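A.B. asks: Position chain S against the provided structure of chain B, taking the given hints into account.
There are 2 protein chains.
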Amino acid sequence: MSDKNERQELETLGEFALIEQLTKGFEHKNKSTAVGIGDDAAVIENGDFQTVISTDLLVEGIHFDLTYVPLKHLGYKAVVVNLSDIYAMNAIPKQITVSVALSNRFSVQAMEELYTGIQEACDYYGVDLIGGDTTSSVKGLLLSVTAIGQGEKGKLAYRNGAKPGDIVCITGDLGGAFLGLQILEREKQIYMAHPDVKPELQGHDYIIGRQLKPEARKDIIEQFAQADLVPTSMIDISDGLASELMHICKASNTGVYVEEANLPIHPDVFQTALDLKLDPIMCTMSGGEDYELLFTIKPEDLDKVRFMADIFIAGEITEASEGITLHTKQGNIYPLKAQGWKHF
Amino acid sequence: MSDKNERQELETLGEFALIEQLTKGFEHKNKSTAVGIGDDAAVIENGDFQTVISTDLLVEGIHFDLTYVPLKHLGYKAVVVNLSDIYAMNAIPKQITVSVALSNRFSVQAMEELYTGIQEACDYYGVDLIGGDTTSSVKGLLLSVTAIGQGEKGKLAYRNGAKPGDIVCITGDLGGAFLGLQILEREKQIYMAHPDVKPELQGHDYIIGRQLKPEARKDIIEQFAQADLVPTSMIDISDGLASELMHICKASNTGVYVEEANLPIHPDVFQTALDLKLDPIMCTMSGGEDYELLFTIKPEDLDKVRFMADIFIAGEITEASEGITLHTKQGNIYPLKAQGWKHF
Numbered sequence: 001m002s003d004k005n006e007r008q009e010l011e012t013l014g015e016f017a018l019i020e021q022l023t024k025g026f027e028h029k030n031k032s033t034a035v036g037i038g039d040d041a042a043v044i045e046n047g048d049f050q051t052v053i054s055t056d057l058l059v060e061g062i063h064f065d066l067t068y069v070p071l072k073h074l075g076y077k078a079v080v081v082n083l084s085d086i087y088a089m090n091a092i093p094k095q096i097t098v099s100v101a102l103s104n105r106f107s108v109q110a111m112e113e114l115y116t117g118i119q120e121a122c123d124y125y126g127v128d129l130i131g132g133d134t135t136s137s138v139k140g141l142l143l144s145v146t147a148i149g150q151g152e153k154g155k156l157a158y159r160n161g162a163k164p165g166d167i168v169c170i171t172g173d174l175g176g177a178f179l180g181l182q183i184l185e186r187e188k189q190i191y192m193a194h195p196d197v198k199p200e201l202q203g204h205d206y207i208i209g210r211q212l213k214p215e216a217r218k219d220i221i222e223q224f225a226q227a228d229l230v231p232t233s234m235i236d237i238s239d240g241l242a243s244e245l246m247h248i249c250k251a252s253n254t255g256v257y258v259e260e261a262n263l264p265i266h267p268d269v270f271q272t273a274l275d276l277k278l279d280p281i282m283c284t285m286s287g288g289e290d291y292e293l294l295f296t297i298k299p300e301d302l303d304k305v306r307f308m309a310d311i312f313i314a315g316e317i318t319e320a321s322e323g324i325t326l327h328t329k330q331g332n333i334y335p336l337k338a339q340g341w342k343h344f
Numbered sequence: 001m002s003d004k005n006e007r008q009e010l011e012t013l014g015e016f017a018l019i020e021q022l023t024k025g026f027e028h029k030n031k032s033t034a035v036g037i038g039d040d041a042a043v044i045e046n047g048d049f050q051t052v053i054s055t056d057l058l059v060e061g062i063h064f065d066l067t068y069v070p071l072k073h074l075g076y077k078a079v080v081v082n083l084s085d086i087y088a089m090n091a092i093p094k095q096i097t098v099s100v101a102l103s104n105r106f107s108v109q110a111m112e113e114l115y116t117g118i119q120e121a122c123d124y125y126g127v128d129l130i131g132g133d134t135t136s137s138v139k140g141l142l143l144s145v146t147a148i149g150q151g152e153k154g155k156l157a158y159r160n161g162a163k164p165g166d167i168v169c170i171t172g173d174l175g176g177a178f179l180g181l182q183i184l185e186r187e188k189q190i191y192m193a194h195p196d197v198k199p200e201l202q203g204h205d206y207i208i209g210r211q212l213k214p215e216a217r218k219d220i221i222e223q224f225a226q227a228d229l230v231p232t233s234m235i236d237i238s239d240g241l242a243s244e245l246m247h248i249c250k251a252s253n254t255g256v257y258v259e260e261a262n263l264p265i266h267p268d269v270f271q272t273a274l275d276l277k278l279d280p281i282m283c284t285m286s287g288g289e290d291y292e293l294l295f296t297i298k299p300e301d302l303d304k305v306r307f308m309a310d311i312f313i314a315g316e317i318t319e320a321s322e323g324i325t326l327h328t329k330q331g332n333i334y335p336l337k338a339q340g341w342k343h344f
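These protein sequence lines are chains B and S, in that order.
For the first sequence, this note's numbering gives the first residue as 1, with consecutive numbering after it.
For the second sequence, this note's numbering gives the first residue as 1, with consecutive numbering after it.
In isolation and in its complexed conformation, chain B is listed as follows:
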């Protein structure tokens, strides 16, 4: 460890600033490296098409709690969250690698459960498991998944292509995964205080499903290909809509507004938010882990998405000077703040 300077704590930076600071001196040396750090995935030139790579680390006690996450669901979700990043580039995932570190608290059967979930995701999304590493950990379970996809030249969708006037679209309802987690956490707390009380999960199937078994929007990318539509920008909604809007606007050097009235909210999300005394709009704007897609299109492409299933037209890209705002049903304009996951 460096003793030369005054110690700077990790939490003073946050994930994105830390990565930026650590990698600022790195330069690309290979012609084939088209895009490095900073989008949903990296891009490698491969002659006629492009290879797209994304990787995620999932740590027990930080990203998941095995008290209520079945290992099979964990395996499935670990794959899905990576595939989501590949789809968010408008590319098709083809292969994954999965590395696992685990303590001897886990049995072979437990690992088989995990890999059953991984295999189900591979089968459903048509990707191949091609490698990985398995090792012991000092404590807990850790998963590192890397997804490799294929994109057509000129058809990838980056974060930096949005232009003022572009239309902002969202592929499905938001906030469900966040509220599902709140319910699971509430029931865990009750269970820990009173182990004899059965968890009350009835009526919350939808939001718990959103948390435990999210899906990546393969179907949307297939619709884009059929409609010959390439979004001007795209990102998957893993940290919450507000945070992702900021990523798009920062990378594209634009502003944006979204209309509260047009935000896709599932009735169960709305009701659960009220039951938990939370603002449904806040849950929709800032709840993470729904793995829907946020994308922008040119106004002239509006007819291509208007009748696609599950696509919500939520707002418009503006000049950067107009900021990032929410237009409420009452006609008020609020500036947005990101409340995505902070790990440190």
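Check before you lean on any hint, since a few could be wrong.
For chains that are exact copies, the list does not tell them apart, and a pair is met inside one copy or across any two.
[What the hints assert, rightly or not] List of simulated lysine-lysine pairs, BS3-like, C-alpha gap at most 27 Å: (1) K188 - K250; (2) K163 - K304; (3) K139 - K218; (4) K218 - K304; (5) K218 - K29; (6) K29 - K72; (7) K155 - K218; (8) K31 - K153; (9) K337 - K163; (10) K155 - K31; (11) K29 - K155; (12) K218 - K298; (13) K188 - K139; (14) K29 - K213; (15) K72 - K198; (16) K153 - K337; (17) K213 - K24; (18) K163 - K213; (19) K72 - K250; (20) K218 - K72.
These are computed hints drawn from the structure, not numbers from a lab.
Because the structure is a prediction, the values reported are computed rather than measured.
C.D. replies: Using the frame of chain B, we list chain S on its own:
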């Protein structure tokens, strides 16, 4: 966790058998997936050439000990061990992703040290850092590195191509990294018992360097290209020569013998082994982490390697029925056992 069956402990299987058991049901669905699990790296077809992918997980307390491993060296080594797998396919690494999980015990400066080492390796080997993930851990530091390389069609070297009569070659001396680790561990134990005693590392520069700052054999792969030589099989020596010979023989369905007299042993390795009352041949056969290359060539290619720097002709591939053996200087024949790293 699965309660259905009797609990099977992870240590009953070992790493390779566990991976085999967990992934046996997975089938490849994509034409582009040329090679999956089972070699140094996976291979993806990409038109005129092939993309080669390898990934490694390094866990504090399992793979490294920060008591004596400087973070800069750790960053360098984490990259090198992955590049070594790409070279072992006779391919050229081009990109890496690096994911890090770390507890708040680490400062920003500590992470900068780590990334300085990562960057030095990237610069030296000409690879680009293109992505990764950074998150907190409950305990300790964990690194997941994925390397992406490029291979020419028909020129990749797999584990399964060795044929009886092929000549067995090794690219450098073995056992040094293992003995370097023994010295570091010895001095750590002394330091922990008597913090006022200075560690005695003098005279051990070579073997400690082999442990803390290994290099991947980029130079050898470049020599192969110049000589228009494609090994019939190749693997990097990460778990020890005996273990790697077994991998080649299992994949190629052959036997092998190596001549004790031809094993490359550095004088410092020999002397340190004796000082520690260890058998130098055992250290050479079973010490891991040297990251040299083990490869086989057709007899008619012998002239191509005879005068290459740092290449030792160590033995010959045989029929599988003849087993995996060491021929001693005294003319004895011993069957070999793998004593590679066991994680569980």
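A.B. asks: Hint by hint, note whether the structure agrees.
C.D. replies: Structure-based check of each hint:
1. K188 - K250: Answer is neither; intra-copy 38 Å and inter-copy 49 Å both fail.
2. K163 - K304: For K163 and K304, only the intra-copy Cα distance (18 Å) is at most 27 Å; the inter-copy one is 58 Å.
3. K139 - K218: Neither: 35 Å inside a copy, 36 Å across copies.
4. K218 - K304: Close inside one copy (17 Å), not across copies (50 Å); limit 27 Å.
5. K218 - K29: Result: close only across copies, 16 Å inter versus 33 Å intra.
6. K29 - K72: between (40 Å within a copy, 21 Å between copies)
7. K155 - K218: Intra 16 Å, inter 35 Å, cutoff 27 Å: intra-copy only.
8. K31 - K153: Intra 15 Å, inter 19 Å, cutoff 27 Å: intra and inter.
9. K337 - K163: within (21 Å within a copy, 64 Å between copies)
10. K155 - K31: both (19 Å within a copy, 21 Å between copies)
11. K29 - K155: Intra 24 Å, inter 24 Å, cutoff 27 Å: intra and inter.
12. K218 - K298: within (22 Å within a copy, 47 Å between copies)
13. K188 - K139: Both: 21 Å inside a copy, 23 Å across copies.
14. K29 - K213: Answer is between: at 23 Å across copies they meet the 27 Å cutoff, but 40 Å inside does not.
15. K72 - K198: within (22 Å within a copy, 51 Å between copies)
16. K153 - K337: The answer is neither: 35 Å in one copy and 50 Å across copies each exceed 27 Å.
17. K213 - K24: between (36 Å within a copy, 24 Å between copies)
18. K163 - K213: Neither: 34 Å inside a copy, 48 Å across copies.
19. K72 - K250: neither (37 Å within a copy, 32 Å between copies)
20. K218 - K72: within (21 Å within a copy, 40 Å between copies)
The structure does not agree with the numbered hints 1, 3, 16, 18 and 19 stated previously, though it agrees with the rest.
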